[in-house]
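Knowing the structure of chain A, use the given hints to seat chain B on it.
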Amino acid sequence: MTENNTKRITFKVQRYDPERDSPPHFQEFTVPTSRGMTVLDGLIYIKENLDSTLAFRTSCRMAICGSCGMLINGYPHLACHTQIEEFHSDRLTIKPLPNQPIIKDLVPDLTPLFNNHKLIKPYILRSDTKELVNPTAEFAQEPQELETFLQFTYCVKCGICVSACPTSASDKLFLGPQALSQCYRYCADSRDGGKQERFPVVDTDHGVWHCHLAGACSEACPKGLDPALAIQLLKRQLVSGALRLGKKPPPSPVVSPPTETKPKIPFPEFTVK
Amino acid sequence: MRNTYLRLLHLVAGVLIAVLLGIHMVILHLDAILGFFGVDATEPTSWGAMISRAGQGIWVGLYIALLAVVLYHALNGLRGIILEVTPSPRTERIVTRVIIAFGIIAFIGGAYVPIALWTS
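The listed protein sequences correspond, in order, to chains A and B.
Residue numbering for the first sequence is 1 to 273, as defined by the working numbering.
Residue numbering for the second sequence is 1 to 120, as defined by the working numbering.
Derived from the structure by calculation, the hints contain no laboratory data.
Small disclaimer: the values here were computed from a predicted structure and weren't measured.
Where a beta carbon is used, it is the ideal one built from N, C-alpha and C, also for glycine.
Heads up, a few of these hints could be off.
Said to hold, decoys possible - Short, incomplete list of chain A residues facing chain B, as computed with Cβ under 7 Å:
1) Y16
2) P18
3) S170
4) D171
5) K172
6) D203
7) D205
8) L238
Looking at chain A on its own, in the form it has when it is part of the complex (with noise of 0.2 Å):
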């Protein structure tokens, strides 16, 4: 970082520590800035160099973890993901995410969002308990049944979708778009069969009807996935279901894995000897 090629951004970020402070208040740094550098970089910097009492949680610094969600100029971001000079501000304030408690200064309690994610049973669920547990084989999948769900698989649970909802501003209740949407991704996935313990646990009051399909969450996801589609295909298979409706195919079956593999491709030669 040259002397020449940096900038001076002002971060104000809000400071909250349970144990001390009573309402939350801001402070404001100023960081050296370089082309292409992250906001979590910056934080970075003043943890290291201005405040080590700041806190934040972050982890691979690559948008894969979902770890420094946070409200950047109004608007929920992955840290990590946002560059600073994609503002185009000299100033950039920084609050935790909202619509969850703070644990203290940027980092959110995940709590309810991880207790919501565990309600909806995100895992496969088949009365074949026993292939389940000691696996002899495969559960077949077409390419195209796995392009149905594929888009909500790359969730990271960073919770910013839930930031970003209306309803979950209001309704503390609501089970939000994260785990709804992920209820969506094991009620499409063919080789699930757990619908029926599934519906009762979105079919609530506060459950999947409450969406007002803001889209908010569509266009808040830092990995690119359309929570507000995976809301609404959720609730066509309920009304599917309550109407009995289409088709109900069965779990897919258990297949051997092929006995004939491609051949590996060959180890690259050393260029250098």
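Then chain B, alone, in the frame of chain A:
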């Protein structure tokens, strides 16, 4: 699947409102257009025309059905809005019971007028 049935009924009620209210609007307020198509609806808002309609079972049925679907659609929607801001299951139960009671009373009161006119 209770909530799914309630929501489906909500959607069906919305469609029925559009149909029943459409019939009401066309017959009572678009008589000039009906005349254009050769349907004679002379002064449909006059007292005589109103009393004449009140004696016909089809109109009584239409207005009672309209009252029922409007009440269901409106009160179920209102319940959904209130439940969004009531975090306690006990409050939810009270809200649901009050809304059901209000709906029944409003339906009886509203249905009394066309039935009384029809039977008189």
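We went through each hint and held it up to the structure:
The interface hint given for Y16 (chain A) is violated, since its Cβ lies 23 Å from the closest Cβ of chain B, which is over the 7 Å cut-off. Interface hint status for P18 (chain A): violated, as the beta-carbon distance to the closest one in chain B is roughly 21 Å, over 7 Å. Annotation: S170 (chain A) was flagged as interfacial toward chain B, and the flag holds, the nearest CB pair being 5 Å apart, inside 7 Å. Interface hint at D171 (chain A): satisfied, since its Cβ lies 4 Å from the closest Cβ of chain B, which is below the 7 Å cut-off.
At a threshold of 7 Å, the smallest CB-CB gap from K172 (chain A) to chain B is about 5 Å, leaving the interface hint in force. A cut of 7 Å between beta carbons decides the hint on D203 (chain A): the least distance to chain B is about 5 Å, and the hint holds. Checking D205 (chain A) against chain B by beta carbon gives a least distance of about 5 Å; that is within 7 Å, so the hint holds. Because the smallest distance between the Cβ of L238 (chain A) and any Cβ of chain B comes to about 5 Å, under 7 Å, the interface hint for this residue holds.
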